[in-house]
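There are 2 protein chains.
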Amino acid sequence: MKLAYFMDIPLEEVNIEGAKNVKIRWLISKKDNAPHFAMRMFEVEPDGFTPYHTHEWEHEVFVLQGTGSLVSKDGEKEFKQWDVMFVPPNETHQFRNTGNDLLRFLCIIPHPEQIKKPEKRKNPLQGKTVSTC
Amino acid sequence: MKLAYFMDIPLEEVNIEGAKNVKIRWLISKKDNAPHFAMRMFEVEPDGFTPYHTHEWEHEVFVLQGTGSLVSKDGEKEFKQWDVMFVPPNETHQFRNTGNDLLRFLCIIPHPEQIKKPEKRKNPLQGKTVSTC
Numbered sequence: 001m002k003l004a005y006f007m008d009i010p011l012e013e014v015n016i017e018g019a020k021n022v023k024i025r026w027l028i029s030k031k032d033n034a035p036h037f038a039m040r041m042f043e044v045e046p047d048g049f050t051p052y053h054t055h056e057w058e059h060e061v062f063v064l065q066g067t068g069s070l071v072s073k074d075g076e077k078e079f080k081q082w083d084v085m086f087v088p089p090n091e092t093h094q095f096r097n098t099g100n101d102l103l104r105f106l107c108i109i110p111h112p113e114q115i116k117k118p119e120k121r122k123n124p125l126q127g128k129t130v131s132t133c
Numbered sequence: 001m002k003l004a005y006f007m008d009i010p011l012e013e014v015n016i017e018g019a020k021n022v023k024i025r026w027l028i029s030k031k032d033n034a035p036h037f038a039m040r041m042f043e044v045e046p047d048g049f050t051p052y053h054t055h056e057w058e059h060e061v062f063v064l065q066g067t068g069s070l071v072s073k074d075g076e077k078e079f080k081q082w083d084v085m086f087v088p089p090n091e092t093h094q095f096r097n098t099g100n101d102l103l104r105f106l107c108i109i110p111h112p113e114q115i116k117k118p119e120k121r122k123n124p125l126q127g128k129t130v131s132t133c
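Going line by line, the protein sequences match chains A and B. Numbering follows the working numbering, with no gaps: position 19 of the first sequence is 19. Numbering follows the working numbering, with no gaps: position 96 of the second sequence is 96.
Treat the hints as calculated values from the structure; they're not laboratory data. Since the model is a prediction, treat every value here as computed from it, not as a measurement. One or more hints might be untrue.
When chains are identical, the list treats them as one kind, so a pair holds in a single copy or across two.
Computed list of lysine-lysine pairs in DSSO-like fashion (alpha-carbon distance at most 30 Å, straight line) [as the list claims (entries may be wrong)]:
hint : residue 1 : residue 2
1    : 31        : 77
2    : 77        : 20
3    : 73        : 2
4    : 116       : 2
Go ahead and model the full structure; you've got the sequences and the hints to work with.
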């Protein structure tokens, strides 16, 4: 069993095109022998955002602190502490910090080999580590 | 996409043998068409606890507020706000509130049909809703 304080888990830069001032902690991952999915914590600075993008896996998100907006094809929706968000597979999305303080949220994703894929489609990230949200 | 405040998601009793003063909110589940796993929030009163039990699926846990202890075959380990816990499959465990305030934590589990099972073993809860932690 693993029991750890979040601050004791490394904070890593997210250097992905379209992301600004975003960092990540892999709280629970394959390194812990988690069989199905990974729990990550994202930290987004007041002027930061994740990429506006889409992919074949879902996000299950819980906002720990701060305020922001969820951007999608339907526009921008504000979120706050202890809001929960579900981004289905293949829906374009972005998380933006719209406040003056650090935004922290959890984002859980399936391991790449767990992703249910429609036939005739391929996931180019299959087998790779997914560091974006 | 779903965006909801946790308080707007129903709080349900957990009436399972071995549990005391535990409630659950299914924040993200199959009802949201989540394809792989469910995010639940547990609320445990100061004198409450989840069952001391084991099963074939893992828990990925994040402590939102309060203090408690994780009981396993190795004894009892204290946890606090913003601690993260990983309980691997088939490890006996229990979450106890050891503080004077409400304990709230997230607990993410795979959908029953997603569970990787060793051959020759069967999961009696296969296909049923798993309300325990």
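Self-check item: 30 Å Cα threshold - placement of residue 20 relative to residue 77
Solution: within (19 Å within a copy, 38 Å between copies)
Practice problem: First find the shortest C-alpha distance between residue 73 and residue 2 inside one copy, then the shortest across copies, and answer within, between, both or neither for a cut-off of 30 Å. | Solution: between (39 Å within a copy, 14 Å between copies)
Exercise. If the cutoff is 30 Å on CA atoms, where do residue 31 and residue 77 land: within, between, both or neither? Let me know, please.
Key: between (34 Å within a copy, 22 Å between copies)
Quiz item: Is it within, between, both, or neither for residue 116 and residue 2, if the alpha carbons may be no more than 30 Å apart?
Solution: Close inside one copy (28 Å) and across copies (20 Å); limit 30 Å.
The structure meets every hint from the earlier list without exception.
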